[in-house]
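Trainee: In case you want the letters, here they are:
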Amino acid sequence: MKFSATECLLELYEEKLELEDYQSGVPRWCNGCGDNAILTAIQRLCRDEGLRPEKTVFVSGIGCSSRFPHYMKTYGFHGIHGRAFPVAEGVKMARPDLTVFVNTGDGDCCSIGAAHWIHAIRYNMNLTVFLHDNQIYGLTKKQASPTSPIGTRSNTTPRGSYLDALNPLTVTLGVANASFVAQAVDWIPESLFEIVKAAYHHKGFSFVRILQRCPEWLPKLHEADMQEPDSVQLLHHENALQLSPGLSKVYKNQLRHDPLDMNRAREIASSTDVVPVGILYQNREIPCYEDTRRSTVLRTSDTVRKGFEAELDKYSV
Amino acid sequence: MEADLQAYVAFYLTGKKQPTQVDGIDGLKLRPALFSGFRDLTRLRYDYPLVLIDDPVDERYVESLSGLIDAILDKLAQGADGERIRKNVLRLEQGIRTLLSTGRSGLFSELWDQAAAPLIKADKLMADSLARARANLKTDGEVIDCTGNLAFRLLGHAWGMTQMQRARRFNADINRLILKLSDIIQADFINSDAGKTAENLRHAFGSGPLDNFNFDAMSRILKKVSARENLPKRRRQRVLDLISTLQSQQFFPTTGSKAGVPGSPPYSFAFDTCSDALKAYRERIPKAIELARAIAMAELEIKGEYSEAKHDALFESFGENGLDTEELAIFPDYLVRINATSLSGPEQSTLTEILSADLPIKIVVQTDDILEKSLIEHGHLTFTLRSKQLARMSMGMGIFVLQAPASSLYRMRQPIQRGLDYAGSALFSIYSGDSPNTAGIAPYLVGAAACESRLFPAFSFNPSAGRDWAARFTLLTNPQVSNDWPVHEVIYQDERIQTVTDPVPFTLIDFVACDARYSKHFARVPRTNWSACLTPVATTLAAEGRGQVETVPYLMMVDGENRLQKVIVDEKLIREARRCRTMWNSLQELGGIHNSHAERLLASEKKLWQESASQAEAVPAKTDAAPASAAVTASPTPAPATGAESEAERSPDEAYIETPRCSSCNECIQLNSKMFAYDGNKQAVIVDASAGTYAQLVEAAENCPVAIIHPGKPRNLNEAGLDELLKRAEVFM
Ligand SMILES: Cc1ncc(C[n+]2csc(CCOP(=O)(O)OP(=O)(O)O)c2C)c(N)n1
Ligand code: SF4
Ligand code: SF4
Ligand SMILES: [Mg+2]
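Chain order of the listed sequences is E and Y.
For the record, in the first sequence the residue sitting at position 72 is 72 according to the numbering used here, with numbers rising by one throughout.
For the record, in the second sequence the residue sitting at position 386 is 386 according to the numbering used here, with numbers rising by one throughout.
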């Protein structure tokens, strides 16, 4: 229900939160870890969008990156390895009024959680997903992950990994109902923030792969890309992100890309010579699972009890 | 002047009939020639009768009988037997129309069955067609024809459906609020020691192997760990009060109120007089404010956002200035249905009061007589047009207004819905077409004629549709809206049995001719006297002023045997018709048709354009581009101020960070948090370069993963190892 005059008055009383108000505890990430940049970008989003802490949830699995919810003074669910998506889907289904974020790692999402990942894309629920892709298992001290570049030396692959890396962008773009796919890098804060913001504003499953540095285990991995601005290719379009003059000055390698062009998106996602940064694909027309399945039945304790019992009765002997 | 012309002119100017030349028309049962085809409406297919749909989807609260039949035929009458089915079902439709004309009423399905019964008996194939069609009859509702009570019934039905929609929304909202508020109380109970008794725990467990648990022990343990605070007393009371206010509201019948809550029956919102409606509205205001306030508070409570410090005072004074339209929008609207004859004295002023305050009251005023005599005895013929003035006056007050004869209501079903949805007052001024003075002509036809004659045009004025007349006002349901009078073809056979097709405008005079009270303004000219000195009414109307009377206007009418008659009319009627046309013309202008301002502007623009075009032709064709380009170069645009490069201004000796590129990695802060700190966006800046050593600055620059720290020059020239540090710092300059 809307109450114009009343609502206006009530809004006067809304408190404005600062960045620190969203900060909880001291991150235990290594110094220089790219997760810090992601945390900052997301806290900025929360502040700028005025997200109410009690209406916001961060759900994660296991890994360095999955410690994320601990550092947000919002609701959080540090779940079990690979299962961030099912938990987040459940939260969203039961409480569509909450803003639900998912923070997951390359091991968490693309290895043990791969099955959930595929189906989460297909469900297209309104979740904002950040894949902290450091291309390694960080928490367990350096084992090759599915996204580790071929030849990565690690505890499990002392002579270098044998398989080509899995590309989270092409995989996501290949699943039915993919509605928002973007890539960001942790070392360009401005573009990281803009992408995080666009992902938040997209209604549907917004998937952002963030190339995240792990200085502890793979310190050299992105060194060359960071030193050479032209190795990053900024995507822009009037229906996607526009580049600020400041950013344009430093990053001259730019590409105009229509986010509705799926074929081109897949080509860009497959680039090996440059690191594309921006929105690869966005389709606002794909329905969200929770909307198509929404029930108008009020959940009184009675209906919940009856539903439960009906379910359990199916299994009673 | 010939003798007969003299007699006609005498009648025209004075209304006196000379018996040998012209006849009175009383008892001749004349009707306008255009009506000749419409003697028996039951044999025609047109948009009436209507079906008031019981359970409408998408605001389709009314359908036309023939429309519903067509929908069935579109589905059914396809194959080899399609033609037969079509014929049979149309036969049934006619049966239903005939039943209605005998005064029968009922549901569509009931009338269908009644009309079908005799047809089925006689014919097997007919029975087959009708059975198949009946199976496709998916909607039902009361069938009503265009009779005296159509407007009240139709608008009452549409209003009822609109309120039902509102009630549904309201119920869903209220039930949600009550549930969520009850959850707060319930959660508090579960958390309390009282909620943790062994008995409650056992109950909460439901069925199953209850004996395997020691609920006493469980209760003891749970009571020990009660970490959560209980609901503060004040909040608890507030929540309970809100629940009781929401449950006891009387504005809508509710589905969710718990049994046992002493509830009063819901209010009624349909009234027969404006004063009753206004009285009820006033009496209920405090209750409405209380409810709106409870809803606003409940929304805050369930979000956990109610703060006594901030909100108590706000809600204390809630509704002191009444409720605004958005707040009123959740409540039912009032409906008043009155006949224009009872709109006098106090009732009239109450109506004006309601409309000028834009209260959420929808008023239907039905007029049965729009040719009421007023000052006729003073030698002037002026119709009072009370209802017409009512509609115009209401438009001036900026409320929703719809004017239409009952015969146009089906075509205006969407504007009607807009009016019912309108947040504020709406006036529906309806002409029924059902008056004893037009006896013998179906009200549908009379209504349509009122509209055709421009005496009672159909229009709607919706202030919520936009800010200008173009968005708010529409005349489009009127026939041939851009003409003064709608023109129709009259086909007849002349004296030599030749078929003649005449375009005949339908004017106010045709309409007046249907009304027995005005017969003295008409006189029949015997066929033998038809001559060139008779001229069609429309020709006279089109000529301005009176001038020399050389011809006398006549109307084409038909008698009971459909024989054509010429009837001359008097000047009073001509004057009245011109007045009616003037009023129609001004309505047209409001509706954007022949708008005089626009036309004048257009004409002057056109003139200017033509003048400049002819001047251009006169000028020699030599084009000289120089002045134009000179003008461009003469005013050079100042070069955009290149945003003063702050970096360029900075002294190379100064230590600084390219803050916007900082990836918040903590490295530098960890190194020296007095020297480095985060800004409001959690990106690093140097807050105090002298809070540490130059060595630390250089180290930070080296450690920064994005290499954005610039150490500048050392401040303390006595620092140890400066030479080496300066060398290391060089790459960051
Ligand atoms: C079911 C299960 N299997 C294995 C592990 C061990 N484990 C913990 S974290 C992790 C990998 C995390 O890698 P990633 O998701 O990339 O996170 P990062 O630490 O790199 O951010 C593994 C395999 C576990 N905790 N649970
Ligand atoms: S191990 Fe790598 S990913 Fe984990 S916190 Fe350290 S730097 Fe970050
Ligand atoms: S070391 Fe660099 S990136 Fe890290 S916080 Fe400091 S300035 Fe920012
Ligand atoms: Mg990882």
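Careful, some of the hints might be misleading.
Negatives, chain Y to chain E, calculated, CB over 10 Å [unchecked claim]:
| no. | residue |
| --- | --- |
| 1 | N149 |
| 2 | L179 |
| 3 | Q186 |
| 4 | N191 |
| 5 | P463 |
| 6 | D494 |
| 7 | R661 |
| 8 | E667 |
| 9 | K682 |
| 10 | Q683 |
| 11 | V706 |
Now the in silico label distances, taken between C-beta atoms and shown as ranges [as the list claims (entries may be wrong)]:
| no. | chain 1 | residue 1 | chain 2 | residue 2 | range |
| --- | --- | --- | --- | --- | --- |
| 12 | Y | T501 | E | R284 | 55 to 61 Å |
| 13 | Y | D679 | E | L163 | 40 to 46 Å |
| 14 | E | E309 | Y | I221 | 23 to 29 Å |
| 15 | E | P219 | Y | D193 | 54 to 60 Å |
| 16 | E | E285 | Y | E199 | 26 to 32 Å |
| 17 | Y | G592 | E | S244 | 57 to 63 Å |
| 18 | E | G246 | Y | S482 | 42 to 48 Å |
| 19 | Y | D679 | E | V274 | 30 to 36 Å |
| 20 | Y | E702 | E | S244 | 26 to 32 Å |
Just so you know, the hints here were simulated from the structure itself, not pulled from any lab data.
In this text, a Cβ means the ideal position worked out from N, Cα and C, and glycines have one as well.
Trainee: Each of the hints needs a verdict: does it hold here or not?
Mentor: Hints versus structure:
1. Residue-level check passed: N149(Y) sits 37 Å from the nearest beta carbon of chain E, beyond 10 Å.
2. Once the 10 Å rule is applied to beta carbons, L179(Y) is inconsistent with being away from chain E; the minimum gap is 5 Å.
3. With a least CB separation of 7 Å from chain E, Q186(Y) falls inside the 10 Å interface cut-off, contrary to its annotation.
4. No beta-carbon of chain E is positioned within 10 Å of the beta-carbon of N191(Y); the least distance is around 15 Å.
5. Once the 10 Å rule is applied to beta carbons, P463(Y) is consistent with being away from chain E; the minimum gap is 17 Å.
6. Residue placement check: D494(Y) keeps its beta carbon more than 10 Å from all beta carbons of chain E (closest about 66 Å).
7. With a least CB separation of 6 Å from chain E, R661(Y) falls inside the 10 Å interface cut-off, contrary to its annotation.
8. Non-interface status of E667(Y) relative to chain E is broken: a Cβ of that chain comes within 10 Å, the nearest being about 5 Å off.
9. For K682(Y), the condition that its CB be more than 10 Å from all CB atoms of chain E is violated, with the nearest at approximately 4 Å.
10. At roughly 7 Å from the closest C-beta of chain E, the C-beta of Q683(Y) falls inside 10 Å, breaking its exclusion from the interface.
11. Listed as a non-interface residue, V706(Y) fails to keep its Cβ farther than 10 Å from every Cβ of chain E; the least gap is roughly 5 Å.
12. Checked against the hint of 55 to 61 Å, the C-beta distance between T501(Y) and R284(E) comes to roughly 58 Å, which is consistent with it.
13. Judged by the Cβ atoms, the range 40 to 46 Å given for D679(Y) and L163(E) holds: they are separated by roughly 43 Å.
14. At roughly 26 Å, the beta carbons of E309(E) and I221(Y) sit within the given window of 23 to 29 Å.
15. Remark: the range hint 54 to 60 Å for P219(E) to D193(Y) is upheld by a beta-carbon distance near 57 Å.
16. A beta carbon spacing of about 55 Å between E285(E) and E199(Y) contradicts the range 26 to 32 Å that was offered as a hint.
17. Between G592(Y) and S244(E) the C-beta distance comes to about 47 Å, which lies outside the given range of 57 to 63 Å.
18. For the pair G246(E) and S482(Y), the supplied restraint of 42 to 48 Å is violated, since their beta-carbon distance comes to about 59 Å.
19. Roughly 31 Å separates the CB atoms of D679(Y) and V274(E), a value that falls within the hinted 30 to 36 Å.
20. A beta carbon spacing of about 29 Å between E702(Y) and S244(E) agrees with the range 26 to 32 Å that was offered as a hint.
Of the numbered hints listed earlier, those contradicted by the structure are 2, 3, 7, 8, 9, 10, 11, 16, 17, 18.
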